[in-house]
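Engineer: Protein sequence lines correspond, in order, to chains P and W.
The first sequence: position 46 = 46 (this note's numbering), numbered continuously.
The second sequence: position 67 = 1067 (this note's numbering), numbered continuously.
Treat the hints with care, as some may be off.
Stated by the list, open to error - Chain P is nowhere near these chain W residues, computed Cβ spacing over 10 Å in every case:
#, residue
1, A1019
2, A1037
3, I1058
4, I1060
5, Q1062
6, L1064
7, M1065
8, E1073
9, I1074
10, I1075
11, Y1084
12, L1086
13, H1093
14, A1119
Unchecked claim - Think about it this way: if two alpha-carbon atoms lie no more than 30 Å apart in a straight line, the pair counts; the simulated BS3-like pairs of lysine-lysine are:
#, chain 1, residue 1, chain 2, residue 2
15, P, K169, P, K65
16, W, K1039, P, K2
17, W, K1095, P, K24
18, W, K1053, P, K8
19, P, K65, W, K1053
20, P, K54, P, K24
21, W, K1039, W, K1050
22, W, K1053, P, K68
23, P, K24, W, K1050
24, P, K119, W, K1095
25, W, K1095, P, K8
26, W, K1050, P, K119
27, W, K1050, P, K65
28, P, K119, W, K1053
29, W, K1050, P, K68
30, P, K24, W, K1053
31, W, K1095, P, K2
32, W, K1053, P, K111
33, P, K65, P, K54
34, P, K2, W, K1050
35, P, K68, P, K142
36, P, K65, P, K134
37, P, K68, P, K24
38, W, K1050, P, K111
39, W, K1039, P, K8
40, W, K1053, P, K2
No lab work stands behind these hints: they were computed from the structure.
Model, not experiment: these values are computed from the prediction.
From the three backbone atoms N, C-alpha and C, an ideal C-beta is built for every residue, glycine too.
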Amino acid sequence: MKDIIRIKSLLSTEIEEVLNQQIKKEAQSASIYLAMASWCDRNGFDNSADYFYKQSEEEREHQLKFFKYVLDMGGTAISPEVTNIKIEYNSFREVFEDALEQEVSVTESIKAIASRCYKEQDFVTLEFLNWFFKEQREEEYKARRALELFEVIGEEGTGRWEIDHHIPKISYSSEA
Amino acid sequence: MQVKEVVDNPTFTEVFTTAQGAIYQSDSESCWYIDFAGKLARFDYRCLLKLNKAINSIDIEQKLMDALSPDMEIIFICACDDTYVLTLTQIIHFKELLQGTFVMLELNHIIYNRLYRTAV
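Make the full structure from the sequences, and use the hints.
Structural biologist: Written out as structure tokens, the structure reads:
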């Protein structure tokens, strides 16, 4: 008897399902960053708005990477529905706190997929996820550094203006 | 007509059978034939997965406890040729049949790997 399921797809049903959940998570991240860009733009933080526009585009690229991988491996990629995106924030600092929380949540989610891959010995997907782990190192670093500016510079006086001007300078250059 | 087509197929293999139904695999057509609820229906790879998901997502316990819930369920799979209208008892039997089938397909996958695909 032919092994039809394996012939048709490299991914197991469970892995395909978690990858589709991740596609949704990345789409949500892209929308959240866009909402953050909107808030920053409305409140006069132009540099931070640009930073979040860029972050939103990156999340969209991550979503497409997962999307195409599922399709390339013979699975069914599902275009997700994204709802309940927060549009108002109480403060400039809260935007960056939420951004870091979002990145932590994405990292944890990808770790959970990798753990599932180990369990099923799906080393192909595991190797695919390596790129995302490296990317998350950068994303978390940038989000953490941005939040640290609030401590280093302080929000008093022209502090927030200063923070906004330092945001585009954050970069991660580790070759490790 | 469908039954005749199946019987004539030389690569037709029984995957799993219960007292209520059976699932057969056709290697030449790369699909499965489900003999259940009085009909024989053909399912390709995607449709079989969608059918399994649809059946497993039915909360039988909740339907049994809810007096207002109808005792019937319409199983409609998008982009598939067949639709099932099943009673709760039939759903339980169908679930059993599909679970057994997927266990057998997984077993076949393991055997196939061991016999033909892996070097060690």
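Engineer: Next step is simple, just say for each hint if it's right about the structure.
Structural biologist: We went through each hint and held it up to the structure:
1. The Cβ of A1019(W) sits about 22 Å from the closest Cβ of chain P, beyond the 10 Å cut-off, so the non-interface label holds.
2. With 10 Å as the threshold on Cβ separation, the claim that A1037(W) sits away from chain P holds: the shortest Cβ distance comes to roughly 23 Å.
3. Every CB of chain P lies more than 10 Å from the CB of I1058(W), the least distance being 17 Å, so the non-interface label holds.
4. No Cβ of chain P approaches the Cβ of I1060(W) within 10 Å, the least distance being about 20 Å, so the stated non-interface status holds.
5. With a cut of 10 Å on Cβ distances, Q1062(W) stays outside the contact zone with chain P, its closest approach being about 22 Å.
6. Distance check for L1064(W) against chain P: the nearest CB is about 27 Å away, which clears 10 Å, and the non-interface claim stands.
7. At roughly 27 Å, the least C-beta separation between M1065(W) and chain P is larger than 10 Å, which holds for a residue marked as non-interface.
8. No Cβ of chain P comes within 10 Å of the Cβ of E1073(W); the nearest lies about 22 Å off, and the non-interface call holds.
9. The non-interface label for I1074(W) is consistent with chain P: the shortest C-beta to C-beta separation is roughly 22 Å, beyond 10 Å.
10. Distance check for I1075(W) against chain P: the nearest CB is about 18 Å away, which clears 10 Å, and the non-interface claim stands.
11. At the 10 Å boundary, the C-beta of Y1084(W) stays outside the reach of chain P, the nearest C-beta of that chain being 20 Å off.
12. The Cβ of L1086(W) sits about 22 Å from the closest Cβ of chain P, beyond the 10 Å cut-off, so the non-interface label holds.
13. Under the 10 Å C-beta cut-off, the non-interface status given to H1093(W) relative to chain P holds; the minimum distance is some 22 Å.
14. Chain P leaves A1119(W) outside its interface by the beta-carbon criterion, the shortest separation being 16 Å against a cut-off of 10 Å.
15. For the hint pairing K169(P) with K65(P), the CA-to-CA distance comes to about 27 Å; that is within 30 Å, so the pair holds.
16. For the given pair, K1039(W) sits about 24 Å from K2(P) by alpha-carbon distance, which is consistent with the 30 Å threshold.
17. For the hint linking K1095(W) to K24(P), the alpha-carbon distance of about 29 Å falls within 30 Å, and the restraint holds.
18. Using a Cα cut-off of 30 Å, the hinted pair K1053(W) and K8(P) holds, with the two alpha carbons roughly 17 Å apart.
19. For the suggested pair K65(P) and K1053(W), the alpha carbons sit about 25 Å apart, so the restraint of at most 30 Å is met.
20. As the CA atoms of K54(P) and K24(P) are separated by approximately 19 Å, the hinted pair is consistent with the 30 Å bound.
21. The hinted pair formed by K1039(W) and K1050(W) meets the criterion: a straight-line CA distance of about 19 Å does not exceed 30 Å.
22. Taking the CA atoms of K1053(W) and K68(P), the gap is about 23 Å. The hint holds against a cut of 30 Å.
23. The suggested pairing of K24(P) with K1050(W) holds, with an alpha-carbon distance near 19 Å, which does not exceed 30 Å.
24. Between K119(P) and K1095(W), the direct Cα distance comes to roughly 25 Å. Compliance with the 30 Å bound is thereby established for this hinted pair.
25. With a C-alpha separation of about 23 Å, the suggested pairing of K1095(W) with K8(P) holds against the 30 Å cut-off.
26. Between K1050(W) and K119(P), the direct Cα distance comes to roughly 24 Å. Compliance with the 30 Å bound is thereby established for this hinted pair.
27. With a C-alpha separation of about 24 Å, the suggested pair K1050(W) and K65(P) falls inside the 30 Å cut-off, and the hint holds.
28. In summary, the hint linking K119(P) to K1053(W) is supported, as the alpha carbons are separated by about 21 Å, within the 30 Å threshold.
29. At roughly 20 Å between alpha-carbon atoms, K1050(W) and K68(P) fall within 30 Å of each other, so this suggested pair holds.
30. Distance restraint check for K24(P) and K1053(W): the Cα-Cα separation of roughly 19 Å lies within the 30 Å cut-off, and the hinted pair is therefore satisfied.
31. With a CA separation close to 23 Å, the supplied pair K1095(W) and K2(P) stays within the 30 Å bound.
32. Between K1053(W) and K111(P) the alpha-carbon distance is near 25 Å, which keeps this suggested pair within the 30 Å criterion.
33. Distance restraint check for K65(P) and K54(P): the Cα-Cα separation of roughly 17 Å lies within the 30 Å cut-off, and the hinted pair is therefore satisfied.
34. At most 30 Å may separate the alpha-carbon atoms for a hinted pair to count; K2(P) and K1050(W) meet this at roughly 20 Å.
35. Taking the CA atoms of K68(P) and K142(P), the gap is about 27 Å. The hint holds against a cut of 30 Å.
36. For the hint linking K65(P) to K134(P), the alpha-carbon distance of about 14 Å falls within 30 Å, and the restraint holds.
37. Under the criterion of a C-alpha separation no larger than 30 Å, the hint pairing K68(P) with K24(P) is consistent with the structure, at around 13 Å.
38. For a cut-off of 30 Å, the pair hint linking K1050(W) to K111(P) stands: about 27 Å separates their Cα positions.
39. With a C-alpha separation of about 26 Å, the suggested pair K1039(W) and K8(P) falls inside the 30 Å cut-off, and the hint holds.
40. The hinted pair formed by K1053(W) and K2(P) meets the criterion: a straight-line CA distance of about 22 Å does not exceed 30 Å.
Hint violations for this structure: none, all hints satisfied.
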